[in-house]
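Peer 1: Listed below, chain by chain, are the residues.
2 protein chains.
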Amino acid sequence: MSAILFDLDGVLYEGDRPIDGAAETIAWFNKNSIPHLFLTNTTSKSRSELVQKLAAFGIKTKAKDFLTPPVAARQWLQANALNRIALFVPESTSEEFSDFDLVTGEDSKVDAVIIGDLGAQWTFELMNQAFRTLINNPNAKLIALGMTRYWRADSGLQLDVGPMIKAFEYATGAQAIVTGKPAEAFFQAAVEILGEAGNVIMIGDDIRGDIEASQRAGLKAIQVRTGKFSSSDLVLGITPDTILDSVADLPRWWRSNM
Amino acid sequence: MSAILFDLDGVLYEGDRPIDGAAETIAWFNKNSIPHLFLTNTTSKSRSELVQKLAAFGIKTKAKDFLTPPVAARQWLQANALNRIALFVPESTSEEFSDFDLVTGEDSKVDAVIIGDLGAQWTFELMNQAFRTLINNPNAKLIALGMTRYWRADSGLQLDVGPMIKAFEYATGAQAIVTGKPAEAFFQAAVEILGEAGNVIMIGDDIRGDIEASQRAGLKAIQVRTGKFSSSDLVLGITPDTILDSVADLPRWWRSNM
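Protein chains in written order, with numbering that gives the first Met the number 0: chain W, 0 to 257; chain X, 0 to 257.
I should point out that these hints are in silico values taken from the structure, not numbers from a laboratory. The model shown is predicted, which means the values in this text are computed figures rather than measured ones. Take the hints with a grain of salt, since some may be wrong.
Label pairs and their in silico Cβ distance ranges [said to hold, decoys possible]:
no.	chain 1	residue 1	chain 2	residue 2	range
1	W	Gly172	X	Arg16	29 to 35 Å
2	W	Thr241	X	Gln174	34 to 40 Å
3	W	Thr241	X	Ser231	56 to 62 Å
4	X	Ala152	W	Glu90	26 to 32 Å
5	X	Gln174	W	Gly172	18 to 24 Å
Heads up, the beta-carbon is just placed ideally off N, CA and C, and yes, glycines get one too.
Chain W with its partners taken away, still in its complex shape:
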């Protein structure tokens, strides 16, 4: 292995407290100049906000080391030379797309329609606007910033981006390109950024979203016993390449396996 991808929640921290040893592990990877990226499906925080959040846990990172769904989407659009885009994403995310030609009218020519978790900003009229933009542009790509089903907002459980994408896919017959875990394209974007094809390992707490998904994308994967891990995860027929008690054990494992 010559590079590593870190999941955030459940690996470096749990809720609002850091995992013991997480800060030391990241410092070790920085000191040894081992290429790494932080992968998250979060679209409610920009990369600079993520840097701040980790800094509060004593974990030093740089904005360019985060791969988020909007960053992967931007990279995919650029690689495919698509420039005219319609954005349905929260304010915190839209800054990642400032280089593109933003189109608003639903009758205008559009190369791609980008859908994020707009939460309470969704109205039926806004849903129809996204839908009609797609119907009026049969060749436009539908880009999903993740496929999260729902999350726990202060007011209770709330629909996330995934259900909206399913609605638009069914209404238009389009198949979304998902930039976020567990989509293969998301891990491939990470490998491309690192330039280390074939030698990248993922460390995560989610047996499906991190382990199974990265293995499907041709990576190796380390399961940690923190975060959402439960021992029943290991009887699902998914076999992590390694299991560690926590991210604190990673430097020792890395030294003895490289």
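Fit chain X to the known structure of chain W by using the hints.
Peer 2: Just chain X now, with coordinates in the frame of chain W:
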């Protein structure tokens, strides 16, 4: 054949004009007391409004002869002894459910959540309410009043009930029970009402929604060359049991085949 199911739009009328001979055909079935039902996916009109619409074309019908998605849903709920329901349907449809115990709080115990085309009444909060009612009642059935993708409203194309169902299915992992064409359960509900299992034929203009769907449900099917029929429909690998120029030819065909 001892009973027949009529599709409405494209068989008895096209837009706002009746098909020549449709009124005479229905009169003939009435005179000969041949059991029949009118099947439609419309949820924006109650059955009494449908009776009025056909009367304007000179076609005499009774409200009890219409099978609509809400009527099929009601029958299915009663057959399964489910009484506590949460309704997300337009006003015109809710009257069909007046016999049930209507539950509104999302934390209350619910047997079934009924979703119709609420159109502009959908808000993000109302979508979350339906979603949370389902999540809080893991055994509750998700009932879809049809799976129409979209329709042309005065203001332009507009999402119909199908995309919303796809959103709720994905968010909750539930699988909707669809009462409406082309769902098998919808045709079976019709057969049950008629009490003529094995001897029912469907007449329709939609090679997929009427012909293929009713044949899948074990019925025979007559394709008419009116409405949305196109001769290219006949090379799709679906074989109607009979093809008639229009519903006007039905009484003659019926006499010579019974």
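Peer 1: With reference to the structure, classify each hint as holding or not holding.
Peer 2: Cross-check of the supplied hints:
The beta-carbon spacing between Gly172(W) and Arg16(X), approximately 31 Å, falls within the hinted interval of 29 to 35 Å. In this structure, Thr241(W) and Gln174(X) meet the distance hint of 34 to 40 Å, their C-beta atoms being roughly 37 Å apart. At roughly 57 Å, the beta carbons of Thr241(W) and Ser231(X) sit within the given window of 56 to 62 Å. At roughly 30 Å, the beta-carbon separation of Ala152(X) and Glu90(W) lies within the given 26 to 32 Å, and the hint holds.
Gln174(X) and Gly172(W) have their C-beta atoms about 21 Å apart, which keeps the hinted 18 to 24 Å range intact.
This entry satisfies every hint, going by the numbered hints stated previously.
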